[in-house]
Each structure stands twice: as C-alpha cells, then as structure tokens.
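Going line by line, the protein sequences match chains G and Z.
Residues in the first sequence are numbered consecutively from 1166, following our numbering.
Residues in the second sequence are numbered consecutively from 32, following our numbering.
There could be a bad hint or two in this list.
[To be verified] No more than 27 Å apart at the CA atoms, straight line, and that leaves these computed lysine-lysine pairs for BS3-like:
| # | chain 1 | residue 1 | chain 2 | residue 2 |
| --- | --- | --- | --- | --- |
| 1 | G | Lys1263 | G | Lys1204 |
| 2 | Z | Lys402 | Z | Lys319 |
| 3 | G | Lys1176 | Z | Lys224 |
| 4 | Z | Lys217 | Z | Lys274 |
| 5 | Z | Lys406 | Z | Lys319 |
| 6 | G | Lys1176 | Z | Lys267 |
| 7 | Z | Lys217 | Z | Lys267 |
| 8 | Z | Lys187 | G | Lys1176 |
| 9 | Z | Lys187 | G | Lys1171 |
| 10 | Z | Lys345 | Z | Lys312 |
| 11 | Z | Lys34 | Z | Lys270 |
| 12 | G | Lys1256 | G | Lys1171 |
[Stated by the list, open to error] Which bits of chain G does chain Z cover? Going by a derived footprint, with three or more residues having C-beta under 8 Å, they are:
| # | segment |
| --- | --- |
| 13 | 1174 to 1187 |
| 14 | 1195 to 1203 |
Hints are computed from structural coordinates only; laboratory data are not their basis.
The structure presented is a predicted model; accordingly, all values stated were derived computationally and were not measured.
Cβ coordinates follow ideal geometry from the N, Cα and C atoms, glycine included.
Each chain, letter by letter, is given below.
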Amino acid sequence: MSKEKKLPGWKDIPIGGVILNPGSSREYNTGNWVRETCKWNKESCINCNLCWPVCPEGAILVDKEGNMIGVDEAKCTACGLCITACPTNPKSLKLESKKLEEI
Amino acid sequence: MQKILNGNEAVALALKQINPDVFAAYPITPSTHIPEVFSSYVANGLVDTEFVPVESEHSAMSACIGAAASGVRAVTATASQGLAYMHEVLWNASGMRLPILLANANRALSAPLSIHGDHSDSMSQRDTGWIQLYADSPQEAYDLTLQAYLIGENAKVRLPVMVCFDGFETSHLSTNVEVLEDKVAKDFVGEVKTLNPLLDLENPATYGSYTNPDWFFEIRRSQHEGMQNAEAVIAKVGKDFGKLSGRDYSEPIETLEIEDAESVIVIIGASSGSVREAVEKLRSEGKKVGMLRVRSFRPFPADAVENALKKAKKVAVCDKTMPAGGVGGPLFEETSSALIANNLHLEVKNFIYGIGQRQFSPTHAEEIFAKLGEKDCERINFVNLRE
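This is chain Z alone, in the form it adopts within the complex:
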C-alpha cells in the first residue's frame, strides 16, 4: 500500500503500528511532526500509548529509561540541541541495556544557530553505546523504525536504537512510501521482549547501581559484546523484513556499481541520492565509479566495508559533520580504520559536505570524483564552500 508521507510522518505511522507503551518527547525542529502526528493518534484513541509531554529532552530520555526498565516499549523523537541535551542519559540507557527507540532527524548544532540538517548531532553521540542506523529516505526511515525494537530487544543485543534520517532532506520530504498493513506490521514487531523488568515484583532487580573499579570494566565489556552481536541480529531482522516487504535490509551497507569501480564515494544518508545520479551519469560515459552507503554506523560493519572497497583504487569518504581537529570526519576515520585493520592500503580522502544543509547536488558528487586523484586533493576537502 502506497502513501504520500514525509520522513517524520512515515516514522510516526510506523510507531502507530508498533503501538509502543510510552512516548516521551519535547518536540524540536526538524523532528516536530513525529510527536505532533503521534499525539493525534493518542488523542483519537488509535494507540494505547501513554504520551508524556516532558519539560526537556533530558527528561524525555529519563522517562524512556524508567519506562523501559519497568519492562515496556518506550520511544522518543528529537534532533540537534535536543539530542545533545540527552547526551548524559543516553549513556544510562545503553549502560542499563534498555532497548529504547529514538528517532533522530539530523540537524546542525549551534552556534551559529541553524535549524537545518547535518550529521553533527548524532555523530556526537556515536560512542554512547547506542545502535545507530541511518536512513536515506522516508521509506527507509519507516522500515528501520519497524525493525528497531526487534534488534534492540534481542537477548544477545539488549541495546537502545537510534534511527537517524536527514533533517528536512528526509524529515520534510514528501514522497511515495510503501507501507505495510497495520496487522502485518504489528505481527512482525510482536510483543515486547523483556529482561528483568522492574514491574516483575516477584523478582526484584536493581538498575543503575554504583560500581567500583572491580566491576565496571566487566559490565562495559558485556555492553561491547551486545554491540558486536547486533551486527548479525541487524542482518537477520533485515532479512526477515525483506521477506515480508520485498525490501531487504540484510546488508549493513548499500553498494552501487562497486564491483569494478576504481573510484568509490562512501557516504551516509539522504545525500547518497545525489551520488547515485552522478554514478549513473558517469557510468554512462564509461567511467568506473561506484558508491558505498553505510546504513549501520554503530555497530560499524568494518568487514563489509573492507570487502566492498578491496578492488577500488581511490576512495572519497563524505562526512556531513566537521572533523573538529580530527584526522577526518567520523565516517572517514571509521572507513580508514576498517581498511587498515584489514591490511588494505588505499588512497582515501575526506570530503566535508552539506554542513548546515549546504546544497549537495549530483554535480558536486561529480566534482568529488574529478578531484579524487588530482594533485591538489588534500586529506580533508570541502565541497561547495565559498573560498
């Protein structure tokens, strides 16, 4: 069944079909539609969800943590400053291994103030122990939202999941979205799978206790294991979803024309659409170019990325956040590390694009392919920036 939905509406519809127990949110641009549309579902009695209009994002995540620890499904939606304000409690959610769902419409962080999209908000949270899946479209935002609880609640994973999609470019892009029938979606997502819920009064549990150096390390090591296990679970859930919908998510990456590509652009999110057009055009001119889009950033699919790039000669990794003094942006660093860890030494350059939602068109993707391998191509390059 097709519906015309923007990314936010698609996520809200997926959440309606999931019918979570608690939705705590403090609306923020560009994710505002999600709590707005969802609260209309609540008001009209279409879901059983307890909607908690909290006083801040810090409280939104805290309410989700309390709800999830009690043994129910909790969700929030946010972006930018809101996600930054949640930062402290994001660690609690992952540390207590609570499979909360967070829909994040990627937006730049102040200052200067910008309501527009880039990846600096969620990339700032990459080490908080949350699974991070990046959608490229309203369709993927819908699909990944339906898969999130099945990944996070898996007994081998038990981690919160962040579904990220580009602010405005996906959140406000109205397009055809293929949606599942309510019952089909509900049956796929199923009932909540709990572990030591606080409301099981016969079996009391203490969450978030104090630890000395003799316990903390082991508990963190277990968390790392959950993240590593997530790679296989994401593939399994993605495959099952594919059987149901015809849209397969068993791979943590998406590739285009990569088999014999000499130059490859590595990218995350909606701007892959521009790269796709550039690749198709350049291929029609006989140029051996390809694209690799990373969908799962945490856990980072190091082997899949290395495997996809091993025949390439030149790689342009595109980051939609500033490197802030790093060797490169976060995707550049992950990709480079994945290659080095697998003893693959390629020419890898970093291209910073779309900061504060600066235009990134197929022409700009073509410019990247052209610049890759030129003498003036630096380690970090800036796309569509005024000199």
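Chain G with its partners taken away, still in its complex shape:
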C-alpha cells in the first residue's frame, strides 16, 4: 500500500490513460498485483545468469559487472521461469508469499 501512495491520483493522470513519456515501460511495476514473489538465495547461487534472459519482466537485477544482485519484487510476476532455468540444487530462486503489507 505504501508504494501506491506515490502514484498520481485520478485527476493527475492524462485523459484516457494515454502515456506521454515514450520508452517508459521500465517505470511500470508489473508485479505489484501478485501475491507471491521470487526470493533469491545468495548462498547457493553460482552467478550463471541463466535466470536473467528468461525473465519476461526484467526483474532479475544484475550489476555492471554482470553479477546477480537480487530480484525486483515490484516487477516479478511470480511466473517461475527463472526457477525452471536455475541449475543449482537446491534452487537458488523460490516462490514465497508476500507479506500483506507489501501487497
């Protein structure tokens, strides 16, 4: 809920929901309606980056050197594709329920 407070009210949104800033899809939080998210286990992760290209939402966060640094939970839709791609045993990504206050 705390995130939603930052969004504009209905009077401040362009008429018809028209988007006036092109190339802005990165700013859209695709996963904030989902009840689950992917949690990353840094300890078992081998930094192979196989999860990064399969994520449809660009939710896998990687630093400039290409090291995985986490999951953007606001973008993650809990589809689980990254878990399928993860080669470690146990998996270094797993689905977890969000806390109520995070939704």
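We have chain G; now place chain Z onto it with these hints.
Okay, now just chain Z, sitting in the frame of chain G:
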C-alpha cells in the same frame, strides 16, 4: 432554409456540413441512407472525407478509433446487429476518450429477425461510456449531429457521442427540416479540437496500454468525470445552437404541460409525438396530464427529471425495449433511481411499447393515462400486445 428530408438524409446533410475527415461504415438497415447519401457527397467532391467501406461494424468502429486517435474527426453510422457487433470496441473508444460520432437508427435485435425499430440496440450499449442523445424527429437528428463534436471534443468531456433516432419512424420519415446554411453550420462546428494526437510526431503518445489494478480504477474514474461534465457542456452547446438556429437544446429533457400535471408519461424518441397528441386532447377535456421526454440518456439528467416530476402524483415510464428480467426497462430504472436518489417517492409504473416497431398511436398513450392508477396496473405493463 427548409428541405424535405428523412432522418437519415438529415444526418447525412449535417455530416456534409461538418465535413469530417474519416467516415468508416458497413451499411445496415435502417441507417443505410447515411453512408449511401454521404458516399455520393464523397464521389462528387463535395466533402474532403476519406470514406472507408470496411468489412464489418467491428472494423468500422476500429477504423474510427484509429482515425480519432490520430487527431481527426471520425464518424460512423449503424443500427441493431451492427451496433451489437461494435460493442467490444465501443469500450475502447470511450476508454481512450476519443470523440467519435456514431449515428444510430434504432432497430430491434434478433431473434426473431426484425428490421424494424425499437431501442434495444442502443440501450444495450448504455454502459459503454458513450454519450447518448436521442432525437424525436429528423429535425432533432440533424440538430444533434451538428452539436455532437462540440460536446465530445470539449476538454472537460473528451467522450464519443451516439446520436440515436428511431429506425423508420425517424430514419425514413420524410418531413420539413429547417437546415442551416453550409457556412453557418461549418462555422458553428469549427475545426477539430485534439488532445495528444498520434500524428503529432514531436510529442509521441501511447494509446490503449495495459494497466494493472493500481492504475485502471483511476482512469475509469476520470472517464466518469468526463461524463458528469458532459451535462453542463451539452447545455452550453445546446444554448449556443439555439441562438444560431432558434431551436434551443439547453435542457436535457423536453416537457409538455408538466407544471400542474398529476399524471406524467416519461418517454424517449419519436413516440413522444403520439404522447403529445394524447396530452393535448386530454388537456382539452380538463385532465391534468403531461409529458417528459428525455433527450440525453447518457449522462442521465437525474436532477432535471426529478425537478420536472416532483409535483406529479403518478408517473408512467415508457420503454421501447424489453426489461429482460430487470425491475423494469432502462428508462424506468433510471427514472425511478433519479426519484429515489432525490427522496421523492411517487407511484411509478413501467409501460413497454413499440417492441419491433409495434404501433404506438395517441390512443395507446391515452390508454396508458387511463390505466395509470387502476388496480390492475402492474409494475410492468405491455401496450398494444395481443393476449
């Protein structure tokens, strides 16, 4: 200047004077004259319009949406199954807040198949977010068509407008129509007023994007505001049109003998002519009867309706579409809600008439006044139906 025109020809003439940029249509009875007459204007070079003979009504509305989003004036004409086929994209037009004009010659929906008039087509679209104005005559169809873009394109409204008129009873009724000089009409309608047009390449815009639950509600709320604002804009445009033509449209309703009326018929469209005759006859016999005709159904003028009916004792709301399991027909439900919302409790009954263009004459309107208040008057009654 007077011309003898039927409703369709009157709308086509108004469109010629507007000279819209795009006309996309798939002709259907009883609105066929409109694209037919208009395409002759196109062929003879009397308008600059791009006429798009699409393969379906769904495509007609889609073409209009694309054109309107690009920043030009788009129009279509349809009826019945055609309007039903547009249903899905009607929501896109209103959701993207595109001031498209749609002329609808009201016709029944199948089955059984009927080409004749009733209001079931446009009443089925009442919640699509389109402004709906209902004409009672070729004259009003012409007048409202000229006003439509000024209402829809207003910065506080930005909504598509449906001008509805009764199939055959108005669409095919040839009568005297007072028309404006071309230049006077053109100057009144003026140039298109755009908002974020797609063809403004310096300022790119995205229409119809995906939204999650965190945005959709706000965008719909804004749409509702546009519809609420439309009430004042309809009045303003109607008043301006009145100054120009002598025919005032500043009120969303028309009333007849309503000041001291005890029994009032509430109705939409062409059949108000029959009610008018009945009211005049019964008044000459000393009976306190009146009529209220609703011209703007979306937005519904709740306060104006309540204000007009507050002195009445009995109200007969006439619907030209079947209630389909509802408390009553759509006009009955709106009228009743308007009264209740204003804490006005009257005896309100519903009369279903004219389904599939069943005859509705002044005699039938008199029967409604007679039945109103009788013991066997039910919540929903049927006029001129064989038992």
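Worksheet item: Hint by hint, which ones does this structure get wrong, listed from lowest number up?
Response: 12
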